[in-house]
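Engineer: Read top to bottom, the protein sequences are chains A and B.
Numbered by full-length UniProt numbering, the letters in the first sequence go through residues 1 to 213 in order.
Numbered by full-length UniProt numbering, the letters in the second sequence go through residues 1 to 185 in order.
It is possible that part of the hints are untrue.
[What the hints assert, rightly or not] Mimicking DSBU-like on lysine-lysine, the simulated pairs with C-alpha atoms at most 35 Å apart in a straight line are:
#, chain 1, residue 1, chain 2, residue 2
1, A, LYS91, B, LYS19
2, A, LYS63, B, LYS78
3, B, LYS174, A, LYS147
4, A, LYS211, B, LYS78
5, B, LYS184, A, LYS8
Calculated from the structure, these hints are not laboratory results.
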Amino acid sequence: MYGDLGNKLVHHAKRAQNLAHLPPYQTELVRAVTREVRDLEKDLADMLESFEGGFDPHADQAKSCTMLVNHLSIRRNKRCLLAYHRTRTDKLEELVWKGYDLVDLPGQQVSSNSGSNLAATDTSSSSLSPQEEDYVRQYSDLLAAYKGQWTDIDLTGSLEPPRDLFIDVRVLKDAGEIQTEYGAITLTKNSQFYVRQGDVERLIAQGYLQKLG
Amino acid sequence: MSYYDLDAILTDAEKVPCKFELDVPDLGYLDNNPSQGLKAQTPVSLPLWLAELLALSSRTQSSNPEDSAPFLTLEMPKALSNEVVSALKADPRAVALRDQTHNMYGLATRMLDLFEEPEMCAVLRRTFVTRAAETALHARKAGATDDVVRGEGFLSGLEEWERSLFRRAHDGNKACKEWMEGVKK
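Here chain A stands alone, though its shape is the one from the complex (with noise of 0.2 Å):
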């Protein structure tokens, strides 16, 4: 029946919401609402192209049903699909704020298991849509000129005050060099530092440190 496309898209959504993470795009299930609300558009087009313009709904009341059934199945597929997105983007927003880094890391997955199985990588490259990493490249940068207004406080900074102004840290992946107040460190994998938790506090939002203890 229409429709029924369009609720297996929100229980993905209500599923997402659940979840820490953002599960792959449903770029089929998309398509496929898509493809509906179309045909059903096409349909409606030619069922009033029937009548040439003298359309009474009160003329031909089955046929008007018809149509207002039509109707209203492209309205749910349209709010279904709204609702969809909505909330992949409200996701998506969330962590662009919390600091993950969305666009870098599927590109890293790609390079690390690249000759090995190219056509695995292709489709498990990237959990959003073209349109998706377009809206977070957009949106961190949105969030980028926002924060430089205040150069003193740094607003996706953790709200947790700080016991220790410095911690250990361990590397889990090269980040290479970085400028602290006490000179360059270099982040190599699998080396421990002992570091000013200011200067380190964005890269273990992103997961290249690991706080220890």
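Starting from the known structure of chain A, arrange chain B on it as the hints suggest.
Structural biologist: Here is chain B on its own, set in the frame of chain A:
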């Protein structure tokens, strides 16, 4: 209830029994029978988002709202049938609402917008109050005592709204306990 609210959308997908008031040759697929047209008075089960507007919109040209004829007539869904309501009247805690529908109160609110049922409204209100108290009690005790077995049946019968209530009560209690421990230090 927002346009984007997922629970509202899922509530809208609940099936409601209804009957078409006229023959519609093109809508046979609503009765799983696409080759034949839909006959008047055939009982079909339609999602609320479709049935509601079909039941509200008038098919005849008439300025008098009293004798407007809708495309179909609605009936109460099974989750709100007399049996369920009288069971709720007897003991609200003994009914597993989730087995009826996942969005019991949402569905009831939508249906009571369409039907005039003050008695059912009162029963459901009492049901929620009684069950909310019981839910809060379980939320406070969850994980703390070995009393869980007794409450398990009740908790698995919670519908979606009550579940979120339970989760919030539980999280609130936990956060409160953590805070109290932090204060003592």
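Engineer: Could you run down the list of hints and mark each one as holding or not?
Structural biologist: Quick rundown of the hints versus the structure:
1. For the hint pairing LYS91 of chain A with LYS19 of chain B, the CA-to-CA distance comes to about 41 Å; that exceeds 35 Å, so the pair is violated.
2. Distance check on the hinted pair: LYS63 of chain A and LYS78 of chain B sit about 30 Å apart at the alpha-carbon level, within 35 Å; holds.
3. Distance restraint check for LYS174 of chain B and LYS147 of chain A: the Cα-Cα separation of roughly 34 Å lies within the 35 Å cut-off, and the hinted pair is therefore satisfied.
4. At roughly 55 Å between alpha-carbon atoms, LYS211 of chain A and LYS78 of chain B are farther apart than 35 Å, so this suggested pair is violated.
5. Between LYS184 of chain B and LYS8 of chain A the CA atoms are separated by roughly 49 Å; this puts the pair beyond 35 Å, and the hint is violated.
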